[in-house]
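*Asks:* Chains A and B, in that order, are what the protein sequence lines are. First residue of the first sequence? That's 1 in our numbering, and the numbers climb one at a time after it. First residue of the second sequence? That's 1001 in our numbering, and the numbers climb one at a time after it.
It is worth saying that the hints were derived from the structure and are not from the lab. Think of the CB as a built atom: it goes at the ideal place given N, C-alpha and C, for glycine as much as any other residue. A hint or two may mislead.
If you anchor each label on the Cβ, the simulated ranges turn out as follows [unchecked claim]: (1) Glu1017/B <-> Gly72/A: 40 to 48 Å; (2) Gly71/A <-> Ile1013/B: 43 to 51 Å; (3) Ser1010/B <-> Val12/A: 40 to 48 Å; (4) Asp1038/B <-> Ser27/A: 23 to 31 Å; (5) Asp18/A <-> Ser1027/B: 31 to 39 Å; (6) Ser1020/B <-> Ala54/A: 35 to 43 Å; (7) Ser1020/B <-> Gly71/A: 39 to 47 Å; (8) Gly16/A <-> Ala1111/B: 36 to 44 Å; (9) Ser1020/B <-> Arg81/A: 44 to 52 Å; (10) Arg22/A <-> Ser1077/B: 22 to 30 Å.
Computed cross-link-like contacts, SDA-like style, restricted to lysine to any residue with a CA-CA straight-line distance of at most 25 Å [unchecked claim]: (11) Lys11/A <-> Pro1039/B; (12) Lys11/A <-> Glu1041/B; (13) Lys1051/B <-> His29/A; (14) Lys57/A <-> Gly16/A; (15) Lys1051/B <-> Asp1071/B; (16) Lys57/A <-> Leu1093/B; (17) Lys11/A <-> Leu1093/B; (18) Lys1051/B <-> Thr30/A; (19) Lys11/A <-> Asp1071/B; (20) Lys11/A <-> Lys1070/B; (21) Lys1070/B <-> Ser58/A; (22) Lys15/A <-> Leu1110/B; (23) Lys57/A <-> Ser1026/B; (24) Lys1070/B <-> Gly1040/B; (25) Lys11/A <-> Ile1086/B.
Read off the chains here:
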Amino acid sequence: GAGVSQSPSNKVTEKGKDVELRCDPISGHTALYWYRQSLGQGLEFLIYFQGNSAPDKSGLPSDRFSAERTGGSVSTLTIQRTQQEDSAVYLCASSSRWTSGRSEQYFGPGTRLTVT
Amino acid sequence: GQQLNQSPQSMFIQEGEDVSMNCTSSSIFNTWLWYKQDPGEGPVLLIALYKAGELTSNGRLTAQFGITRKDSFLNISASIPSDVGIYFCAGLLNYGGATNKLIFGTGTLLAVQP
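Work out the full structure, taking the sequences as your base and the hints as a guide.
*Replies:* What follows is the structure, given as structure tokens:
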């Protein structure tokens, strides 16, 4: 079946502009996650959505970052007033609802954001 | 952000050799996952571990969940050129409830010489 999809695949923006990154999770997956990967680094957790519960926003680096998940499916990560340090690959993942103590996250291809 | 200690940082081996990499943490995890990432792609799940002491295989890959729940290793036997990539371990910080985030290791770059 279809995996996690993200758009755009690449985004170049000028410092100070706002950007929106989109994630379409695997159909039927109730949990959605955003991570950030800086050049040569591991992945850094940003935010987690689970069904209708309040999202875990503990990883968002500043109030310039926000995310929404509409209708329990598609999610948009918004970065306002972008800075050069925001340049990174933004990865989205989804997983099915936690059952039997198991939850595996599946990742999309990422959006490479470059702030000039 | 928080990251797990993963070693080695990089490995350059000959085709056919076995590979071993590991992750350690000061925190206890309930789940350990191993991912592989190719250039320009998202991480792909290789193996998931859910119980302390669990040993799980996936083809030429074998991974173990440490007894202390603070470490895990991944072995690749008889490496082939397509094993090239960056391997990440990840620990699940909490499960169920309000959070379910993965803490990732720093990655191991594997290069395989044909």
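*Asks:* Does each hint fit the structure? Answer for all of them.
*Replies:* Structure-based check of each hint:
1. Glu1017/B <-> Gly72/A: 40 to 48 Å: Between Glu1017/B and Gly72/A, where Cβ atoms are some 46 Å apart, the hint holds.
2. Gly71/A <-> Ile1013/B: 43 to 51 Å: Holds, at about 47 Å.
3. Ser1010/B <-> Val12/A: 40 to 48 Å: violated (30 Å)
4. Asp1038/B <-> Ser27/A: 23 to 31 Å: At roughly 24 Å between Cβ atoms, Ser27/A and Asp1038/B fall inside 23 to 31 Å, so the hint holds.
5. Asp18/A <-> Ser1027/B: 31 to 39 Å: Holds - the Cβ-Cβ distance for Asp18/A and Ser1027/B, about 36 Å, lies within 31 to 39 Å.
6. Ser1020/B <-> Ala54/A: 35 to 43 Å: Holds - the Cβ-Cβ distance for Ser1020/B and Ala54/A, about 41 Å, lies within 35 to 43 Å.
7. Ser1020/B <-> Gly71/A: 39 to 47 Å: holds (45 Å)
8. Gly16/A <-> Ala1111/B: 36 to 44 Å: Roughly 40 Å apart at Cβ, these two residues keep to the hinted range, so it holds.
9. Ser1020/B <-> Arg81/A: 44 to 52 Å: This hint holds: roughly 45 Å between Cβ atoms.
10. Arg22/A <-> Ser1077/B: 22 to 30 Å: This hint is violated: roughly 40 Å between Cβ atoms.
11. Lys11/A <-> Pro1039/B: holds (17 Å)
12. Lys11/A <-> Glu1041/B: holds (15 Å)
13. Lys1051/B <-> His29/A: holds (24 Å)
14. Lys57/A <-> Gly16/A: Holds - the C-alpha atoms of Gly16/A and Lys57/A are around 23 Å apart, at most 25 Å.
15. Lys1051/B <-> Asp1071/B: holds (12 Å)
16. Lys57/A <-> Leu1093/B: Answer holds: Lys57/A to Leu1093/B is near 15 Å, not above 25 Å.
17. Lys11/A <-> Leu1093/B: Violated - the C-alpha atoms of Leu1093/B and Lys11/A are around 31 Å apart, more than 25 Å.
18. Lys1051/B <-> Thr30/A: Holds: Lys1051/B and Thr30/A sit about 24 Å apart, inside 25 Å.
19. Lys11/A <-> Asp1071/B: Given pair Lys11/A, Asp1071/B is violated - Cα atoms ~37 Å apart, limit 25 Å.
20. Lys11/A <-> Lys1070/B: violated (38 Å)
21. Lys1070/B <-> Ser58/A: Satisfied, since the Cα-Cα distance of roughly 23 Å is no more than 25 Å.
22. Lys15/A <-> Leu1110/B: Violated - the C-alpha atoms of Leu1110/B and Lys15/A are around 35 Å apart, more than 25 Å.
23. Lys57/A <-> Ser1026/B: Holds - the C-alpha atoms of Ser1026/B and Lys57/A are around 23 Å apart, at most 25 Å.
24. Lys1070/B <-> Gly1040/B: violated (30 Å)
25. Lys11/A <-> Ile1086/B: holds (23 Å)
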